[in-house]
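Got chain A sorted already, so can you dock chain B onto it with the hints?
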Amino acid sequence: MNPRGTNLPEAAGPKYTAISLARYLLCFGPEGPERAWQSDQVMAQAPGQWFAFRKGARTTYMRAGESGRFSLTPPEGVDPAALPVIDESGPPPTLLRDYLDSLAKSIVVNDADDAARIGAIALAAYNGDNPGALRSEIFAICEGFIRRSSDLADASELEAQTHRRFIDLLIPGTLASAIFLLTRIVRVAMPVDLVHQAFGAGGSLDIFNGPQVFARDVLAKIMRLEGGEAKIAEAAASLQADAESLADRAEAATEFGEFYGRIFEGFPLAYAAQQGFEFLADASAGGAKAGDYRMLANVCEERTVCASTTMSIDFSNALDWRELHLHRAAIARAQESGGSAAAEQLADQYTKLSLLYPLFLRDFLLSKTDHLSYHA
Amino acid sequence: MTANWGKPAGTAPSGAQSISEEPEMSISDAEAMRSSITSAIGRDSVYITARDEARHFDPLSLTAIYAGQLLFGFVRSASGWLWETLKKKGAEKGEEAIGNAIGDALGAALKKVEHAVSPEAAAEASTEGQKQVQQIDLASQALKELGAAIEPSYIESFLSAGEAAAAQQLMRDNFPEAKARRIAAAVTLQVELSLKGAQPA
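Chain order of the listed sequences is A and B.
Per the working numbering, the very first residue in the first sequence carries number 1; after that it's consecutive.
Per the working numbering, the very first residue in the second sequence carries number 1; after that it's consecutive.
Bound-form chain A, shown alone (with noise of 0.2 Å):
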């Protein structure tokens, strides 16, 4: 069964299918998910297979299949130019902003007060990857928070609120990670905000192509003041030992919604690390610190893929379990062809090696038990 694709089926739960939705679509930004929605349905027909990813000028490559691989430079062994190509080139679909806003529609029926707020929700996915809202939030932190002289307070006044927000489902996880890596520069670099005096430092300061670009100039103008590389690493090794202690909370869950969450919460966090530590290999390049800053910027994609991993998966299942039932089959093959110690190992895959599902849905994924409780 192809777990993606078009069908969208009318949802069983549309609250929880729309917020499980829309933590897949914002926990990064729309266009990814969107894309994958409809690659995903090409990819599962040749498991195994490269498929080289082409967006612009550059070119990036994904091997279907269960033992699947990411790379940005062509594979060992394969012929780049025979590769399956898939264009991402061109506006991306709105097909699940779109399922988000008919389920919006359809709750005002019973519950206006959620609709209102699913509503809004929509609208935020709508906007995640819409220049001109994306350039009016930059704009105001740079008014509101960077030109001026922020002190601590000041600084997690912002990262709360950010926090809210992000949470709320009303910003990108791209916007929020941009944030978070400067609130948490100017922490860390306290009493010296660093932040502020790279604004008057020069060089660009583009705000129109999207908060990652915005964040890498401020970085490197940061990056040319005395300490600024310490402080840079200083923050993304703080934001990672954060969304790593959410990974932890994750893993402790007892319960579906607090599983789910705690994951949704952590990936600006780790996205925000990914960020300052690649900022820091590409500007380091050739110097002694530039492994160990790629090397961290791969922990924290590795973080980052597999909790877009689970965003999506989270919601499939919320549309018909679709993914449960593929995962416990799954396990279930690899009992017959390997045993119990086969099959544990695959639960121990699902749950704590992938933060896919709670651990207490072990029992479950090993078909010990057919009763699927959303606690522990």
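None of these hints come from the bench; they were simulated from the model.
Computed from a predicted structure; not experimentally measured.
A portion of the hints provided could be inaccurate.
[Stated by the list, open to error] With the Cβ distance kept under 8 Å, some of the chain B side facing chain A (calculated, not the full set):
| id | residue |
| --- | --- |
| 1 | S39 |
| 2 | G42 |
| 3 | R43 |
| 4 | Y47 |
| 5 | R55 |
| 6 | F57 |
| 7 | L60 |
Glycine is no exception: its CB is placed at the ideal position from the N, C-alpha and C atoms.
Using the frame of chain A, we list chain B on its own:
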């Protein structure tokens, strides 16, 4: 899985060929031993491949093999420490031959352990998951014999030497120190249980 299995024909690593005994430990125990270490690594498995170009979506198989290699490295370092310690002790007593210093049972057990975890045996076993489990089984059986022959006062230092080596290996493989020490401690527990002939935790 059951305990009913024999040493696989033609697959014994060169370093282990002198071992003639059939494994006594249940193969599922060896699997559980490796699984406990894999579980301790958990989602920190991302550090293992963090310097690779490609990102992996199926961490399990790779992490399980890594867990086995970590175990072999632990036991190899701990055994090395024990040989050196016993040699020094023999020299202090004026014993000319190491065999005289440590006694037949301990010497034989230690040799078995060394063979089971030799770099060649560990490398050959690490090419395939099930082959590695069988080699872990051999190592665990040898550890059990060592545990029965070794002076109890040496056990703590044996484990400490192995744990330090495992932590160093993990740190060389990108793991932050705190995570490396936590995982190394989990390997120590498994080796300690093997020395005592107990079931894996």
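When the least beta-carbon distance from B/L60 to chain A is tested against 8 Å, hint result
Status holds, d = 4 Å.
task = Have a go at the B/S39 hint: is there a Cβ in chain A nearer than 8 Å to its own Cβ?
result = OK, holds: B/S39 within 8 Å of chain A, min 6 Å.
Q) If you take the shortest Cβ to Cβ gap from B/F57 to chain A, is it below 8 Å? A) Interface hint status for B/F57: holds (4 Å vs cutoff 8 Å).
**Study point:** Proposed interface contact between B/Y47 and chain A, which counts if any beta carbon pair is under 8 Å
**Key:** holds, 6 Å
Does the nearest C-beta of chain A fall within a distance shorter than 8 Å of the C-beta of B/G42?
holds, 5 Å
Can we keep the B/R43 interface hint, with Cβ of chain A closer than 8 Å? holds, 5 Å
Exercise for the section: Would you check whether B/R55 satisfies its interface hint, that is, whether its CB is within less than 8 Å of any CB in chain A? Expected result: Constraint on B/R55 satisfied, holds at 4 Å.
Every hint from the earlier list agrees with this structure, and none is contradicted.
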